[in-house]
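Asker: Work out the full structure, taking the sequences as your base and the hints as a guide.
Protein chains in written order, with my numbering: chain A, 53 to 413; chain B, 53 to 413.
Hints listed in this document are in silico derivations from the structure and should not be mistaken for laboratory results.
Owing to the predicted nature of the structure, the values given are computational and were not obtained by experimental measurement.
Every residue gets a Cβ at the ideal spot worked out from N, C-alpha and C, and that includes glycine.
Check before you lean on any hint, since a few could be wrong.
Facing chain A, from chain B, some residues (calculated, C-beta under 10 Å) [to be verified]:
# : residue
1 : R226
2 : W242
3 : A253
4 : T267
5 : P292
6 : R302
7 : P342
2 protein chains.
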Amino acid sequence: MDLDLRAPVGELTRCLVDVPSVSGDEAALADAVQAALGRIGGLRVERDGDAVVARTSLGLPSRIVLAGHLDTVPIADNLPSRVEGGRLYGCGTSDMKAGVAIALRLAATLPLTEPGALRHDITWICYDHEEVEAARNGLRRLAAQHRDWLDGDLAILMEPTSGEVEAGCQGTLRVIVRLGGRRAHSARSWLGDNAIHKAGALLQRLAAYEARSVTLDGCTYREGLSAVRVDGGVAGNVIPDACAVTVNFRFAPDRTPQAAVEHVREVLAGYECEVTDLSGGAPPGLAAAPAAAFVAATGRTPVAKYGWTDVARFAELGIPALNYGPGDPNLAHTREEYVELAAIDEGERLLRGYLTGALTA
Amino acid sequence: MDLDLRAPVGELTRCLVDVPSVSGDEAALADAVQAALGRIGGLRVERDGDAVVARTSLGLPSRIVLAGHLDTVPIADNLPSRVEGGRLYGCGTSDMKAGVAIALRLAATLPLTEPGALRHDITWICYDHEEVEAARNGLRRLAAQHRDWLDGDLAILMEPTSGEVEAGCQGTLRVIVRLGGRRAHSARSWLGDNAIHKAGALLQRLAAYEARSVTLDGCTYREGLSAVRVDGGVAGNVIPDACAVTVNFRFAPDRTPQAAVEHVREVLAGYECEVTDLSGGAPPGLAAAPAAAFVAATGRTPVAKYGWTDVARFAELGIPALNYGPGDPNLAHTREEYVELAAIDEGERLLRGYLTGALTA
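Answerer: Have a look at this one:
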């Protein structure tokens, strides 16, 4: 399949969306992206698994990374895409092929080989397996195996933000609290020890928890501690000897992962907590010059990112990173997912201006 | 598979236990029981689903029903059975294959065709689906479709009673309390309304409930109100909009089923309760002559039955019924379930004496 990266960005988005690429099934799209980038002069194109990385080598004093994942959540009867009322509907439109289309069109239309035309060297990263468990994440794999491909002074992750600059991200921690007891026939309940009843006090504690907010670089990060699963019971006539509550803590990036674990253990004192999932947050990192310049170019007031994103992986490598994309994050993973075509145009215009220096504060 | 019903009763129990028969999976055991009973002269054997009924037709003035269920609760790493220190361990040993083994061995060893050898005609009922919701209960099905198969002047249900005569039974009521809420991404938990958190106050109320005791015909019935299942959660990153708690109320037979429902609605005021399962209890019913004669033959003082049992179905049909079996009811549904081999022998001896008239008060 041939991708025309010079097509209008809305059309290009539609082409990308109509190549299904549910996590684990990104090969066809990655092949097409690799082939299309390979036809552009001035780019060094690399491939690892179903991740494609392309870089200029102009020797400019700074490098901007434009990153986006190629995969989508499972299709929900919402492919092929359709255009209606200025919107492109379909799986992956908002999250995040519109952002990927902007980045790819810039690769094909910026004057990459014209001396003085660009303010920064540029790296394009299109990766796989973002919508599944962290262990399979393509950006994580690139960081581990090709650290140098990710180098840069600012990474712009084109996740849906409705055109806002969403800085840094929260961390996320999941623990399972397992409550024990003693089985008995429910007709002789006094002989047992009901594990489900013990969850009452735990859930009351979670319900009463007052989550903290913290402001960093002008961005307010609001935390949350929530039960996301509860499961207990043996049979309808048995006093249960086990009940498990899964708790998700979304924490502000001023806490280290370890501090987040300690906080949850403190809140849930008296209960055994098994950590099942832990990813640190990313500080806003807006002080760094390239980030400040990007924010100025957008003319927007940056806000905190609610939700863990791969900006945390860049932050961990010491690369300032922010989220910026045309999609509406609230539509991500819904059947009704869409992206405003005008928002994609606007995103392309803004990024082009920033990269060429035509747009400054 | 061939069952030797003439084997010593402990061995026969072990054979029955080692044929797994979790509710819904009784066919293999029912087939074996049907085939074995079919080889005995003087018995008319019937089959309905996985229930097997066998009857003598000696024209005697009274008929005793020996009834037991073939199914067990889910296996808890406790099969195959093992013998240790005079005990047979394993799923279904106490509840209630030991009782079934006594009844079946009597079928094979009593002189069913010898004139004058028996005091009563006898009916054997081995049925399915006792350990699950009432709608699937095999005895209920038989009562609805083959009422005449159940006829008798006294039904002895061989549920575990440690060799005691356990009179009547508690009623049982199950309700589901469904808690609602509003979904949101767990990174923006304040936009949602956590249904699992709401279960906290409900479970606390159940944990604090003080159960009543009541004495009828000298038998004390103790009640209990217990959560037996809790289930909530959408995904690890979603504030859940639904959580369901199943509550089981075991009530004394002085409450009607309707009064039991009203009591639970009162205790759980403020929550919507959906009744999923309701079975009335059975009064002790020790006044009827065949019951009094059986009690006298055992030489024991009858006590209240803790647990709803199918004696209530016989009581509903106007057939006096009591529980009598060799297993310890406190071990029913536990991982450590066992039965004393000596208690099975004693149960067989006592019933044989009662049925042949060798044992009287």
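Asker: Indicate, hint by hint, whether the structure satisfies it.
Answerer: Right, here's what the structure says about each hint:
no.	hint	result
1	R226	6 Å, holds
2	W242	7 Å, holds
3	A253	6 Å, holds
4	T267	17 Å, violated
5	P292	6 Å, holds
6	R302	5 Å, holds
7	P342	26 Å, violated
Against the hints set out earlier in the document, violations occur for numbers 4 and 7.
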